[in-house]
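Student: Sequences listed follow chains A and B, in order. At position 142 of the first sequence the residue is numbered 142 (the working numbering), and the sequence of numbers has no breaks. At position 7 of the second sequence the residue is numbered 7 (the working numbering), and the sequence of numbers has no breaks.
Be aware that one or more of the hints could be misleading.
Chain copies aren't distinguished; within one or between two, either way the pair holds.
[Unchecked claim] In the DSSO-like style, the derived pairs of lysine-lysine whose C-alpha atoms are separated by at most 30 Å in a straight line are:
1. K188 / K41
2. K41 / K200
3. K180 / K198
4. K188 / K122
5. K42 / K188
Just so you know, the hints here were simulated from the structure itself, not pulled from any lab data.
Protein chains: 2
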Amino acid sequence: MKLYTYFRSTAAFRVRIALHLKGIPYEPVPIHLVRDGGEQKKPSYRAINPQGRVPSLEIAAPGGPTVLTQSLAIIDYLDETVPEPPLLPKDPILRARIRAVAQIVACDIHPVNNSGTIAYLKSAVGAPQDVVDRWYAHFLRDGLAAVEQLIEPGPYAFGAAVTLADLCVVPQVFNAWRFKVPVDDFPKIMAVTEACLKLKAFADARPEAQPDAE
Amino acid sequence: MKLYTYFRSTAAFRVRIALHLKGIPYEPVPIHLVRDGGEQKKPSYRAINPQGRVPSLEIAAPGGPTVLTQSLAIIDYLDETVPEPPLLPKDPILRARIRAVAQIVACDIHPVNNSGTIAYLKSAVGAPQDVVDRWYAHFLRDGLAAVEQLIEPGPYAFGAAVTLADLCVVPQVFNAWRFKVPVDDFPKIMAVTEACLKLKAFADARPEAQPDAE
Numbered sequence: 001m002k003l004y005t006y007f008r009s010t011a012a013f014r015v016r017i018a019l020h021l022k023g024i025p026y027e028p029v030p031i032h033l034v035r036d037g038g039e040q041k042k043p044s045y046r047a048i049n050p051q052g053r054v055p056s057l058e059i060a061a062p063g064g065p066t067v068l069t070q071s072l073a074i075i076d077y078l079d080e081t082v083p084e085p086p087l088l089p090k091d092p093i094l095r096a097r098i099r100a101v102a103q104i105v106a107c108d109i110h111p112v113n114n115s116g117t118i119a120y121l122k123s124a125v126g127a128p129q130d131v132v133d134r135w136y137a138h139f140l141r142d143g144l145a146a147v148e149q150l151i152e153p154g155p156y157a158f159g160a161a162v163t164l165a166d167l168c169v170v171p172q173v174f175n176a177w178r179f180k181v182p183v184d185d186f187p188k189i190m191a192v193t194e195a196c197l198k199l200k201a202f203a204d205a206r207p208e209a210q211p212d213a214e
Numbered sequence: 001m002k003l004y005t006y007f008r009s010t011a012a013f014r015v016r017i018a019l020h021l022k023g024i025p026y027e028p029v030p031i032h033l034v035r036d037g038g039e040q041k042k043p044s045y046r047a048i049n050p051q052g053r054v055p056s057l058e059i060a061a062p063g064g065p066t067v068l069t070q071s072l073a074i075i076d077y078l079d080e081t082v083p084e085p086p087l088l089p090k091d092p093i094l095r096a097r098i099r100a101v102a103q104i105v106a107c108d109i110h111p112v113n114n115s116g117t118i119a120y121l122k123s124a125v126g127a128p129q130d131v132v133d134r135w136y137a138h139f140l141r142d143g144l145a146a147v148e149q150l151i152e153p154g155p156y157a158f159g160a161a162v163t164l165a166d167l168c169v170v171p172q173v174f175n176a177w178r179f180k181v182p183v184d185d186f187p188k189i190m191a192v193t194e195a196c197l198k199l200k201a202f203a204d205a206r207p208e209a210q211p212d213a214e
């Protein structure tokens, strides 16, 4: 497997955790989201992922290698094809609660705050840096406030086993730290992050541990 | 089941299609996203859904009624508990492709363009209407251009059966029409939308067919 990744991408970070947890070997292919106006926008990468985003996962398939996109879709694929350890429990209601927390991060926080959206906010809307900073903090904290109410740590976001929710929450906390937005007033999220970072899979998937880290 | 819904919400529209396709009876509870500053932000609704968004689905559970949130998590729950007709095929690679298209809409188009984000763009960023209009069109068309390349109509987004992808694409096209952004240069998306709208489940779930339609 080849993972098209960028060390700072929270979406790629989620998939890296899943690969490490499941012990799936992969070759990282760094795509630099900033250099030269963004390698992800080049035609050579758009031929791999028409959306021009990371992550993309190249996998073996009956007709030859094929590429999967969108971090949550990739993680579901990995969980369906390499079931151990499972990232979702069997109970449909609990699965839905875990998926909802994952989607608060992956749908309602991240895309509103990712590098492409922030770049557009600066260039096309003309927002100055202080307005951009408030934008980032507003959507981050609005989403995390809901996550804080919905998780049930023990010590991971939904009990004694790591789930999809942890794979989304922890990278988002790293992103908050990067942009210096306080999140330590969310005690449940902080406790979950601390518990997860004791696991080798999370530590190995961190931005700083990637070959393309700067 | 009670569905907290708003006729114009594309996320609620997705869940309404799933409920109609599977023949699950439900009681719609309208939450007006605009009136009085937004009913979804009131403490009475935040007690139901801490994120203050629609849709929310109240279901029966062993300990008494409980509420599920986030449209894609709700749809997965419905698909897992009422399997017919299935919204995803068995093949893991095809499932991942379908989920990716759903997530382009539900993660990368919708949250960047939903009423809360647009309201913040106007009030806190101070963007004038023409900048807001360009913002909406930019993120809509950027996402749909990728969807257009990834779907394989026949006549639905991924072949002869309706899937999760159709449940996301069709409401997004309705939203584009509402905001008068041209999308008819995406022939595959247009063909899929036309095919879906011939189905009673999609027609019954349309904004105009809802009891709270204005």
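Student: Sort out which numbered hints this structure fails and list those numbers smallest first.
Tutor: When the structure is compared with the hints, numbers 2 and 4 turn out to be violated.
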